[in-house]
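Trainee: Given the sequences, and given the hints that come with them, work out the whole structure.
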Amino acid sequence: EKHKKRMNKILFKCWNLPDAEPFQDSSHPSCHEVRDLASVGQNLDKGVYQHGRSGWELYAKDMGIVYNWHIIRRGKYSSRAKAHLDKVVGFFSKVDPILGELVSK
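So that you can map any letter, position 62 of the sequence shown is 43 in the working numbering, and since no number is skipped, the others follow by simple counting.
Bear in mind the hints are in silico, worked out from the structure with no lab data behind them. Think of the CB as a built atom: it goes at the ideal place given N, C-alpha and C, for glycine as much as any other residue. Heads up, some of the hints might be wrong.
[What the hints assert, rightly or not] List of simulated lysine-lysine pairs, DSS-like, C-alpha gap at most 25 Å:
#, residue 1, residue 2
1, Lys75, Lys86
2, Lys42, Lys(-6)
3, Lys63, Lys(-17)
4, Lys63, Lys86
5, Lys42, Lys57
6, Lys68, Lys(-15)
7, Lys68, Lys57
8, Lys75, Lys(-17)
9, Lys(-15), Lys75
10, Lys57, Lys(-15)
11, Lys(-14), Lys57
12, Lys86, Lys68
[Said to hold, decoys possible] FRET-style restraints, in silico, Cβ to Cβ:
#, residue 1, residue 2, range
13, Gln5, Gly71, 18 to 24 Å
14, Trp(-4), Gly28, 17 to 23 Å
15, Asp26, Ser60, 29 to 35 Å
16, Glu14, Lys57, 18 to 24 Å
17, Lys(-10), Pro78, 16 to 22 Å
18, Ser60, Lys27, 31 to 37 Å
19, Ser60, His32, 30 to 36 Å
20, Arg54, Gly33, 29 to 35 Å
21, Lys57, Lys27, 17 to 23 Å
22, Leu(-2), Glu38, 19 to 25 Å
Mentor: Now the structure itself:
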């Protein structure tokens, strides 16, 4: 339960970054991967990330996908996604530097 609280705190920080709207709800949803912070929050509520270390790793990867999807597409939000991703890497690195690396991939 403690790790879920920490994950919620990170999600809350990401959601409340300045100009985070493009990352909150995707206009390009996918049934195969998360594309926005709302989907990550739904997964968190469903218990997708509950399994200790592996849960944290999956959570970090999913959070990275939210931003890296915009960066790879080189759309109008790619530079903002890079700036946000740097901050998100910092949030995860405080928990564990390896998680910070997973987010950035």
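Trainee: Run every hint past the structure and note whether it holds.
Mentor: Evaluated hints:
1. A hinted pair counts as satisfied when its Cα atoms are at most 25 Å apart, and Lys75 with Lys86 qualifies at roughly 17 Å.
2. A C-alpha spacing of about 17 Å is found between Lys42 and Lys(-6), which places the hinted pair at or below 25 Å, so the restraint holds.
3. Distance check on the hinted pair: Lys63 and Lys(-17) sit about 29 Å apart at the alpha-carbon level, beyond 25 Å; violated.
4. Between Lys63 and Lys86 the alpha-carbon distance is near 12 Å, which keeps this suggested pair within the 25 Å criterion.
5. Restraint check for Lys42 and Lys57: the C-alpha separation of about 23 Å stays at or below 25 Å, so the hint holds.
6. The suggested pairing of Lys68 with Lys(-15) holds, with an alpha-carbon distance near 20 Å, which does not exceed 25 Å.
7. Annotation: proposed proximity of Lys68 to Lys57 holds, straight-line Cα distance about 19 Å (limit 25 Å).
8. This hinted pair checks out: Lys75 and Lys(-17) have alpha carbons roughly 15 Å apart, not beyond 25 Å.
9. Straight-line distance between C-alpha atoms of Lys(-15) and Lys75 comes to about 15 Å, which keeps the hinted pair within the 25 Å bound.
10. For the hint pairing Lys57 with Lys(-15), the CA-to-CA distance comes to about 32 Å; that exceeds 25 Å, so the pair is violated.
11. Using a Cα cut-off of 25 Å, the hinted pair Lys(-14) and Lys57 is violated, with the two alpha carbons roughly 33 Å apart.
12. Of the pairs offered as hints, the one joining Lys86 and Lys68 holds, with about 14 Å between alpha carbons and a cut-off of 25 Å not exceeded.
13. Evaluation of the 18 to 24 Å hint for Gln5 and Gly71 yields a pass: the beta carbon distance comes to about 19 Å.
14. At about 20 Å, the CB distance of Trp(-4) to Gly28 agrees with the hint of 17 to 23 Å.
15. Remark: the range hint 29 to 35 Å for Asp26 to Ser60 is upheld by a beta-carbon distance near 31 Å.
16. A hinted range of 18 to 24 Å for the beta carbons of Glu14 and Lys57 is consistent with their spacing of about 21 Å.
17. Between Lys(-10) and Pro78 the CB atoms are about 18 Å apart, so this pair conforms to the stated range of 16 to 22 Å.
18. A beta carbon spacing of about 32 Å between Ser60 and Lys27 agrees with the range 31 to 37 Å that was offered as a hint.
19. For Ser60 and His32, the Cβ-Cβ distance of about 35 Å falls inside the hinted range of 30 to 36 Å, so the restraint holds.
20. Hint check: Arg54 to Gly33, Cβ distance near 33 Å, so the stated range 29 to 35 Å holds.
21. Checked against the hint of 17 to 23 Å, the pair Lys57 and Lys27 fails, with Cβ atoms roughly 31 Å apart.
22. For Leu(-2) and Glu38, the Cβ-Cβ distance of about 22 Å falls inside the hinted range of 19 to 25 Å, so the restraint holds.
Hints 3, 10, 11, 21, counting from the list given before, are not met by this structure.
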